[in-house]
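Build the full structure now, drawing on both the sequences and the hints.
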Amino acid sequence: MPSDAFAAVGEYLTASEAEALAVQFDNGLHTIKALAAISPTRREYVKQLLAAANLSHADCSRTAAVLRAVAGAKSVLRDLTPVWTMPGNEAKVGYLTGEFHRLVQAARISVTCATYNFENTSQMWTVLRETAEQPGIVVTVYVDGDKADATKVKAQLPRATIYRSAELPTGKRVVSHAKFIIIDHEVLLLTSANFSFSAESRNVEFGLLVRDAPLAESVESTMTSKHGTLYDLV
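Letter by letter, the sequence shown follows residues 110 to 343 of my numbering.
Hints were generated in silico from the structure; no laboratory data involved. Just so you know, even glycine gets a beta-carbon here, dropped at the ideal spot from N, CA and C. Incorrect hints may have been included.
Here are the simulated distance ranges between beta carbons [unchecked claim]: (1) 182 to 280: 48 to 56 angstroms; (2) 234 to 168: 46 to 54 angstroms; (3) 171 to 306: 49 to 57 angstroms; (4) 182 to 330: 16 to 24 angstroms; (5) 301 to 234: 19 to 27 angstroms; (6) 229 to 286: 17 to 25 angstroms; (7) 278 to 230: 44 to 52 angstroms; (8) 238 to 189: 45 to 53 angstroms; (9) 153 to 306: 24 to 32 angstroms; (10) 330 to 137: 25 to 33 angstroms.
What follows is the structure in structure tokens.
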């Protein structure tokens, strides 16, 4: 059995997808029914990958074990990469703007990002809009309610879900200064940069790319838990 077939399964599936499939096979479900755990846009390709690796309901225990190995490996992987933005060609390690675009364009399931400001000059408009228009990819953007024009963000990204920081009982709005991008619930890019031309091209900005599924899911869960209290849907 070709080892690259297993590698392809491990590379394509996210940790959450692999775990969800493992649960289905543990319950003895037929492969077709087990694949219901995968989003429709990714289901056919996952089916092909499983077949190539000879993973199916014919041996549910073995298939579930392989899938749990994939989920476990991806869950404990912590690959830290520093990324910088500097004027001119000064950045020698990583390129923050380039990482923004590469990560968002590589998304298969979801993009969740937060920024203090989202200016007209940002290069993120196009890449986020194109990604949000891809079937099966959920794009969520959090912005500061005073600093960013959330209504305009929604107009520019109509298929994305936009949240802005909420107004407190005092009449002042929550300051949302968090800046990050999470891809497919697994990859987290923490950054000092806003979505603006100056931050993406001229400033000295620093970020850290972290491949850690539990951490990424924890950040998303925390933000979701603040819907209706610290963040309002636009």
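Here is what the structure says about each hint:
no.	hint	in the structure
1	182 to 280: 48 to 56 angstroms	holds, 50 angstroms
2	234 to 168: 46 to 54 angstroms	holds, 48 angstroms
3	171 to 306: 49 to 57 angstroms	holds, 53 angstroms
4	182 to 330: 16 to 24 angstroms	holds, 22 angstroms
5	301 to 234: 19 to 27 angstroms	holds, 20 angstroms
6	229 to 286: 17 to 25 angstroms	holds, 20 angstroms
7	278 to 230: 44 to 52 angstroms	violated, 35 angstroms
8	238 to 189: 45 to 53 angstroms	violated, 30 angstroms
9	153 to 306: 24 to 32 angstroms	violated, 40 angstroms
10	330 to 137: 25 to 33 angstroms	holds, 30 angstroms
The structure is inconsistent with the numbered hints 7, 8 and 9, although it conforms to all the rest.
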